[in-house]
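If you're matching them up, the sequences are chains A and B in order. So the numbering used here is basically just the index in the first sequence, starting at one, shifted up by 227. So the numbering used here is basically just the index in the second sequence, starting at one, shifted up by 227.
Rather than coming from a laboratory, the hints here were simulated on the basis of the structure. Mixed in with the good hints there might be a few duds.
Identical chains share a label here; the pair holds if one copy fits it or two copies do between them.
[Said to hold, decoys possible] Below, computed lysine-lysine pairings styled on DSBU-like, alpha-carbon distance capped at 30 Å:
{"id": "1", "residue 1": "Lys309", "residue 2": "Lys326"}
{"id": "2", "residue 1": "Lys381", "residue 2": "Lys424"}
{"id": "3", "residue 1": "Lys445", "residue 2": "Lys424"}
{"id": "4", "residue 1": "Lys326", "residue 2": "Lys424"}
There are 2 protein chains.
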Amino acid sequence: MASAHPSQSDLSPEDPRAPADATGAESPALLPPTPAFSPLYQQIKSLILRSLQAGEWKPGDMIPSEFDLAARFRVSQGTVRKAIDELATDNLLVRRQGKGTFVATHAEQHIQYRFLRVLPDASAPEAQVPAERRIIECRRLRGPAEVARQLDLKGGDSLVQVRRVLSFSGTPAILEDIWLPGAPFKGLSLETLSSDKGPMYALFEAQFGVRMVRATEKIKAVAADADAAALLGVEVGHPLLSVERLAYTYNDVPMELRRGLYRTETRHYHNELN
Amino acid sequence: MASAHPSQSDLSPEDPRAPADATGAESPALLPPTPAFSPLYQQIKSLILRSLQAGEWKPGDMIPSEFDLAARFRVSQGTVRKAIDELATDNLLVRRQGKGTFVATHAEQHIQYRFLRVLPDASAPEAQVPAERRIIECRRLRGPAEVARQLDLKGGDSLVQVRRVLSFSGTPAILEDIWLPGAPFKGLSLETLSSDKGPMYALFEAQFGVRMVRATEKIKAVAADADAAALLGVEVGHPLLSVERLAYTYNDVPMELRRGLYRTETRHYHNELN
DNA sequence: AAGTGGTCTAGACCACAAC
DNA sequence: TTGTGGTCTAGACCACTTG
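Given these sequences and hints, build the entire structure.
Here it is, written out as structure tokens:
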């Protein structure tokens with residue numbers, strides 16, 4: 228690269244055109260005061276992201292080395308590095324010194340369910356005994372309006388609903404209702420789910436090519452209704468933690484709505500603030 | 228700097244000796260497999276951190292420019308930059324392009340209580356009406372053993388306890404009990420607290436030089452007892468969100484234990500997962 | 001115009017893993 | 001030994017803010 232600083236839109240390596248706005252979650256859609264400047268490494272970042280979405284590299288795969296990518300995009304290694312840095316802090320990529328950079332995966336997330344924030348009260352940080360999972364039902368339906376809205380679907384679109392109970396050492400602890408868009412999850416059945424061991428999100432990756440990337444949660448305290456009380460083994464009215472999660476794939480596309488009811492007599496939802 | 232890579236412990240700029248282990252939250256205290264290697268920028272990071280703790284730069288102050296710090300520590304600007312980058316993502320420093328780098332502060336945190344994760348259900352991300360605060364009591368006592376333990380105090384040490392209620396548009400919403408170590412907060416009184424407007428953590432900074440840097444929270448669903456029910460205007464047994472927060476200053480020193488009971492009929496605790 | 005953070009480059013060398 | 005990520009440097013130029 229001849230000039231030290233390719234002053235915007237100098238990018239034309241192997242990909243047709245660089246998007247003016249890279250991150251996608253930035254511009255407030257109202258009169259950008261700056262004419263949409265985005266640094267090179269952001270453009271590289273979104274090119275890499277595009278390859279991830281397109282499935283060029285699959286979860287668990289090693290992506291090309293920093294130097295290879297630098298050559299491919301015709302930028303310096305440091306610029307690629309900064310792009311990868313951000314993708315790594317977003318948990319889309321995982322760096323392993325001496326080995327390479329890999330596409331993150333929910334499988335082999337060595338020790339934990341990526342999005343499950345529950346810990347036993349006597350919190351030895353380990354000792355996280357694996358949960359026993361029991362699928363109660365899995366059915367297809369035309370979804371409730373509110374669910375459809377949150378998943379960016381039309382009112383009449385098909386949905387999959389899954390209900391399951393998680394138990395710790397025999398005692399029921401969490402009741403979950405999960406809604407998924409029908410189209411991407413065609414073929415998901417009670418048998419598939421029941422026979423699977425390992426995180427559900429790992430199954431989504433392997434079977435349906437859907438990778439959950441981030442999520443938001445709304446947490447409330449609610450009273451157990453008759454249904455929940457029966458399934459969780461508590462009295463009606465018992466306080467339960469309601470955790471409503473919206474999980475997203477790449478590009479901020481919502482792909483799962485999940486409502487969990489947690490018994491919190493001997494465990495808690497753990498959160499780190501900074 | 229003559230050699231391109233000062234191979235460990237070449238650091239002797241204006242500070243006597245660089246600590247072998249920089250971050251403090253890393254080594255498991257058990258047979259370090261590597262002989263405690265820590266990169267230069269980590270050492271710079273902890274030198275800057277030390278200056279922050281020592282009060283060399285106070286909350287809101289501008290710290291020296293990257294080049295000044297580079298000269299002072301006798302490293303390159305890029306190395307200082309990486310150190311500052313990490314401190315900025317930890318929310319200890321705030322970068323402002325064109326102006327400088329500033330010590331973060333809970334005052335003028337333009338729009339939000341830094342650690343309060345509560346949002347109204349109909350979540351227009353703004354419209355966060357300011358809460359009305361009412362201090363119910365502020366007293367000194369010899370602390371309960373469990374509280375003392377979490378604050379790393381002896382059983383007999385003095386504590387300050389504060390109880391207050393937060394309301395939104397006239398309706399009580401949050402009941403908080405706050406425990407603080409007596410020594411650093413000598414002089415804290417009901418009057419001080421009541422006459423203050425603005426975040427409590429801003430007052431802690433300004434009056435007591437204690438800056439809260441991070442926190443952990445344990446969240447549960449509980450039933451309102453008589454006390455809480457009366458103060459929050461709900462019936463006994465009403466489900467409440469219990470949020471137990473341990474807040475830390477620099478160096479992972481716990482400085483506040485806070486237990487909040489939240490009414491969540493029309494609002495929720497919001498969390499982002501990635 | 002001067003000062004500060006932000007981006008980008010090119011090249012050197014270190015640490016780690018695998019062959 | 002080789003390849004990969006990780007650190008460090010020195011220098012250039014861009015973008016933003018202030019006088």
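*First find the shortest C-alpha distance between Lys445 and Lys424 inside one copy, then the shortest across copies, and answer within, between, both or neither for a cut-off of 30 Å.*
both (27 Å within a copy, 29 Å between copies)
*Alpha-carbon proximity between Lys326 and Lys424, which holds within one copy, between copies, both or neither at 30 Å*: within (28 Å within a copy, 54 Å between copies)
*Is it within a copy, between copies, both, or neither that the alpha carbon of Lys381 lies no farther than 30 Å from that of Lys424?*
neither (33 Å within a copy, 47 Å between copies)
*Measure nothing new, just compare the shortest in-copy and cross-copy C-alpha distances for Lys309 and Lys326 to 30 Å and report within, between, both or neither.*
both (18 Å within a copy, 23 Å between copies)
Checked against the numbered hints above, the structure breaks only hint 2 and satisfies the rest.
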